[in-house]
Each structure stands twice: as structure tokens, then as C-alpha cells.
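So you can see what is in the structure, the chains are spelled out below.
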Amino acid sequence: MAAVQETVDQVRRIDVDQYKYGFVTDIESDRAPKGLSEDIVRYISARKNEPEWMLEWRLDAYRRWLTMNEPTWARVHYPKIDFDDLYYYSAPKSTKGPKSLDEVDPELLATYEKLGIPLREREILAGVEGASDRRVAVDAVFDSVSVVTTFKEELKKAGVIFCSMSEAVREYPELVRKYLGSVVPVTDNFYATLNSAVFSDGSFVYVPEGVRCPMELSTYFRINEKNTGQFERTLIIAEKGAYVSYLEGCTAPMRDENQLHAAVVELVALEDAEIKYSTVQNWYPGDKDGKGGIYNFVTKRGDCRGARSKISWTQVETGSAITWKYPSCILRGDDSQGEFYSIAVSNGYQQVDSGTKMIHLGKRTKSRIISKGIAAGRSDNTYRGLVSAHRKASGARNFTNCDSLLIGDKCGAHTVPYIESKNASAVFEHEATTSKIADDQLFYCMQRGLSSEEAVALIVNGFVKDVIQQLPMEFAVEAQKLISISLEGSVG
Amino acid sequence: MLKIKNLHASVGDRQILRGVDLEVPTGEVHAIMGPNGSGKSTLSYVLAGRDGYDITEGEILFDGEEILDKPAEERAALGIFLAFQYPLEIPGVATMTFLKAALNAQRKARGEAELTTPDFMRRVKGAAEKLNVTQEMLRRPLNVGFSGGEKKRNEILQMALLEPKLAILDETDSGLDIDALRVVSDGVNALRSPKRSMLVITHYQRLLDHIVPDVVHVMSAGRIVRSGGPELALELEAKGYADYVGAAA
Ligand SMILES: Nc1ncnc2c1ncn2[C@@H]1O[C@H](COP(=O)(O)OP(=O)(O)O)[C@@H](O)[C@H]1O
Ligand SMILES: [Mg+2]
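Line by line, the protein sequences are chains A and B.
If you read the first sequence in full-length UniProt numbering, its first letter stands for residue 1, the second for the next number, and so on.
If you read the second sequence in full-length UniProt numbering, its first letter stands for residue 1, the second for the next number, and so on.
If we strip away everything but chain A, and leave its shape as in the complex, we get (with noise of 0.2 Å):
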């Protein structure tokens, strides 16, 4: 009995102690108070130990961001973010989290039961306290840093350079110079502009010329170093001739503390060169209720510098409670291309507003855009999308379709395109439809043995066949299988 009070009493002394002097002040340390200034930007940027340079292109884009109104037109709804109340700056350690795997929402573990995520991995991805500590500290690590280590070699030898935005500023400082900004401007829009001021970290991509990179760049290996927080920005620049196939994301829902994620993606494609960049990104949606999920506003963006050059995004977005996402491409070289593959899966109480610009420039310049928006619960899903042909882009070409599939008939599946052309020798095409799964398809799978479930999934991944073949492999079976997760639950 006193044994047991004793320990009840030092567990108190000590608990009370460490918030008092130990982890306050550690968390502080790690930590930027709320609220943005320029002091804070500073902040930021000297724990980054970055150049003078990097702080006053921040601070500009900071005073820039203060004269700026957040946009309204997009059909999502939220109530209105107190920017004053977010901390812009947080070392990776600090986040507080669930303290274990019981505090976590049971949908989303029943998620990474469904897609067979290790338990270990589970509680990274919830965002459990010191699990990702764990992690280093145990088996799996040695095995993944090996693998890192073979893949930077390889890497290196073909001259690619892959690494976190921060290492770029400090050792490749004239290419990042040169570049970022270069295709999403300073002051391009509201999120943008923030993310500018303030942003954590993110990849960094230089494919020499000629050079065709010998593997795909997973953002895997590098997510695993450190946390980037939710200001990402990542830059991609592949030089005359060069090939880069790009992953970014993770099939598994990534639970984040931090409700605002405004990442910045800028491309730079030069003459005769192609990147493609593929997103599967499956951020927490909320609870049942549409409580707690993610807000993504996302601007992403490649510029068809060179003639001839190709840039191709596709996504598979399943995440987050609200997205605000348009991956576009500036053709500029003559005989660019830009692509853009989408599908935009929204269930619960999402609210999804993408879709992509493809702004023709350059003569003959081309493009085709093919997006699947599939709607289902009291969710919205819109696919928004400009293409447009400026006077010197004769002979450019456009293909957009353009398809939405609702389940239900609580959910709104919307498309506002724009289309802009001041050269009379540009064409566009356009085609829309929006369907629904019949009850009478369901049935007809059912009556040769398929469950419900196992019917939605079958006509939902046949709906998205044109956008998944154009997904690396391995990454489109893992979609196939989020997708129909996504919709469980959405008939019956």
C-alpha cells in the first residue's frame, strides 16, 4: 500500500516537475509561438541556418502575403482560418500527438488494418507520440537506411541530385536561386504567397542534361528523414533531355496536427525534356462527422520552358476534408506538352474543388486533360479547369473529358470549365458526362456473385481505367485498392 502511494506521489512530483521545467521548455525551444510576423519568419529561417539571401525572400514574400485576401471562389466551405492562431514553425519531435494507438480515430486504424500497414508503421502515420523515435531506434530502420544509402549512391553516379529544399539552399545555392519562384511567383496567390514566407521543407530535384534518371524518386525515402511539416515546397528542374519520373505521398492516411497544408510545387521542364509527377495523396478526411480533417490548398505548377519538353501530373486524390488543388502547366516551348490524369474520390462530408490550367504559349503547343471525379456520402467534388491559348500559340491543341460517377444521391459532383482562345487556329475539345452506378449494375454484379461492395469497386475502378494506367506500376495497384477503401460504406 505505501509502495503504491509512493509511486503514485513521485509519478505526480515528477509529472509536474517535467511540464513545469523539462519538456515546456524543450517544446518552446522547438517551437515558434503562434501567430505569423517577421520575426517569426526570421525565426524560421535562422533555425534552418539559411543564407541571407533565402530570409529576404522570405520576408518579401511575408509583406507581400499581408496585403492579400484569401480567395473565395472556390465551392468549398469552411468556416474562416485565424491565421494568428496557427505556429508556423515546429521542429519535427515537438508535434504533440495520441499518446498511443487507443486515442486514434477507430476508422482510420480500421483503414490501415484494410491496407495491411504494420503496426509500427500504424503509429507513425496516426501521429502517435515518439513512435517515429521508436522507429530509429529499432530493426525495420537498418534495412531502410541501407536501402536509402544504395539509392542516393545510385543517384549520385547518374548526377541526379535528390534531396530536402533546406540542404538545397545550403549547397546548391545558385540553382535554387535561379529557380524557385521562377514558375509559381512570389505573389501568385493567397497560399502561395504564405507558403513563400514561411515554408518548412520539401524536395529537391536537378536532373543534368541528357540525364535520365535511373529510378523513380519515391518521396518515401525522404518523408522518412525528417517531417516536412505543412508548408512543403518542392522544386524539380530537369535540364535539356532529361527524364525524371516523380512519387509523391503515401497510400496510407497520414494523420497531422496541423489542420492547414498549403505546399507549393514548381516544375521546370527545358528543351527535348520530361517529367512526370504523380500524386497519390490520402491525407485524413475527418471522422465520420467530418470533424478534424485536413485543409489542402495546393499550387502546383510546370513550366514547359524548352521546345519540345513534357510535363504529365497525375493524382489520385482520396484525402483530406478539403482540397484546393489545380496542377497546371505553362507550355511556353514550342511543341510542349502538358498532361494532367486525375481522379478526385470524395465521401463523407469532402469537399474537393480541382482540376488543372493549361496555359498554351508556344506554337503547336499541346495538351490533354483526363479527369474522374467520383462522389459519394454528402460529399462535393468539382473539377474546375482553364485551358487557354495566348495570340502566339497557333496550331495549339487541347483535349479535355471530363467524367464524374455519383453514388448516392446525397453528394454533387460539379465542372466549371473556362476556355479562353485568342488564336483562331487553336482547338479544343471538350467532353463531359456525369453518370451514376445504377441500381440495376449493382444488381446485375451481384447476381453473379459479387457483394455490394466488391460491385462499387469493380464499376468505380473500371470508371477510373484511363487515369490509373497512367500511374507507375506498383502505385497504381496500392490506388486501386485506396479507392475502393475510400468508398466503403457509400451503398446499402
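Hints are all accurate, no fakes.
Chain B residues, not near chain A, derived (Cβ > 12 Å throughout): (1) 118; (2) 178; (3) 193.
The calculated SDA-like cross-link candidates involving lysine to any residue, where the alpha carbons are at most 20 Å apart (straight line), are: (4) 100/B / 453/A; (5) 130/B / 179/B; (6) 108/B / 454/A; (7) 436/A / 87/B; (8) 70/B / 452/A; (9) 465/A / 100/B; (10) 436/A / 50/B; (11) 465/A / 140/B; (12) 465/A / 136/B; (13) 100/B / 484/A; (14) 465/A / 91/B; (15) 100/B / 441/A; (16) 70/B / 454/A; (17) 70/B / 439/A; (18) 108/B / 452/A; (19) 151/B / 441/A; (20) 465/A / 101/B; (21) 481/A / 453/A; (22) 100/B / 477/A; (23) 481/A / 114/B; (24) 465/A / 477/A; (25) 481/A / 94/B; (26) 436/A / 144/B; (27) 465/A / 144/B; (28) 5/B / 228/B; (29) 70/B / 441/A; (30) 70/B / 451/A; (31) 465/A / 94/B; (32) 436/A / 92/B; (33) 392/A / 420/A; (34) 481/A / 108/B; (35) 465/A / 88/B; (36) 195/B / 1/B; (37) 481/A / 91/B.
Just so you know, these hints were derived from the structure itself, not from any lab.
Please read all numbers here as calculations on a predicted model, not as lab measurements.
Here a beta-carbon is modelled for each residue, glycine too, at the ideal position from N, C-alpha and C.
Got chain A sorted already, so can you dock chain B with the ligands onto it with the hints?
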């Protein structure tokens, strides 16, 4: 094998089946004929477990077991197959993919191992050849852009692969020219077996020249009003359905 007793089914306040009594013993082929709108397709849907019908009275026993409370996919796994009057299209899903998904779903439900791809391919190939279903057709999305004849052949192909105990064929002859009718009928006849029962629904007698039934039933206004041997079909062909349409009113 199949016993239907006093089956009543309605949609909303519209009563469609008004006391169907029907028994199909194992190994027999029964035909149901009747005027349009008499409830033949409704009966086939209710047997297969489609949603949307109120079963107000009656029962359906399959191998002695009541199946009315089982969902469609369970009935399929038990061995009930319906060849649709209007087969549905599923864009983007290759016919081959669909066949494999269906076969494996049923095997799984029965606790059998899934087929390996080579094993599956062998079975499909064998069955497809007999029905003039080309490899090219199997690669096309299910029923999308198929001609009427191709759709019906595809239904029989599914039946051949799934090897049901009870096959219900709803107007399988509609939309077929004489050559296609022969191919489809030959396909069906090849599947006749002492272990398999069939319920062949048709408006016209001509199908029954090819698939000769053991028993013919006449359906009118949601009921079986007469049953007899194959000669009953010929009588209906000669006289038409006038008598039965009258009886229904
Ligand atoms: N879902 C439904 N709702 C309302 N009436 C229906 C429905 N399905 C069938 N019916 C009606 O029931 C009757 C029988 O239809 P059906 O079973 O298709 O007949 P058959 O196949 O013998 O031509 C018809 O009058 C038809 O209009
Ligand atoms: Mg009918």
C-alpha cells in the same frame, strides 16, 4: 430443386405477382410463356434477389431452403443464375476481368480456393470457343458496344463458367437472328444436365424448337394459369395469348 409457393410481390401499391405456384425438379427444363406484362421478368428478378420488391406472401425454397431473406450474391453462390433480358454495360471493366471477379467471388463464398490465372484462362477459352466468343470480345469492356447477339452469347458464356444449379433465362431469344439463336440454343443445350434445372422464359415458341422443355407453363396477370407438355407451346403459337390476356382482366 425449386419450389415457389403462393408468391405475391408488389412494387409500391402495384401488385405484380399474385400467387405464383411453381415447382421445377432437378434436371428438368421448364418454360414460362405468357403475354407481355404478365410478370415473367419480375418473377425472375424476385428469384434472383433484386431489391425493390415487397414480398407480401409466399415462399421460395431452393434445395429445400428458404431463400427470400438472402441477398442476391448469396443466392448466386448457392447456384442461381439469371441470364438477363437486357444485360448491363460496365464501362472500363474488361469482360475477362468481370468473369474472373464473378467466378472467384462465388468460389470464395462457397469456401473454395480462387482459381489461378492459367486455370481460369483455360476454362474461359474452352467455353468461349463453343459460343463463338472471340478473345477480342473478352478484352472489350463488359457488354459495352456489344451487339444484341454478342450480349446474349456473353450471358450464356457466364452461365457456362459459373455452372449454376438453376439457370433462369429471360427472353434469351429476343433480338437474335436465326443463326445467333442456333448458337445460343446449342450453348444452352450443352449445359443441360441431370443435375441442373432451367427456367426458360420466352414470349415466342420458336426458342422452344431449339431448347425443348419438359414442361411448359403459361403465366398471366401474375399467376401460373396453365401447365402442360411441349405441345402447349405449339398451341399457344397457333392461338396466341388472347384467351389469357382476357383471363387476366
Ligand atoms: N419496378 C416496377 N414498378 C412498377 N411496375 C412494374 C415494375 N416492374 C414491372 N412492373 C409492371 O409489372 C408488370 C409485369 O412486368 P414484367 O415482369 O416485366 O412482365 P413481362 O416480363 O412478363 O413482360 C408490367 O405491367 C410492368 O409494367
Ligand atoms: Mg420481360
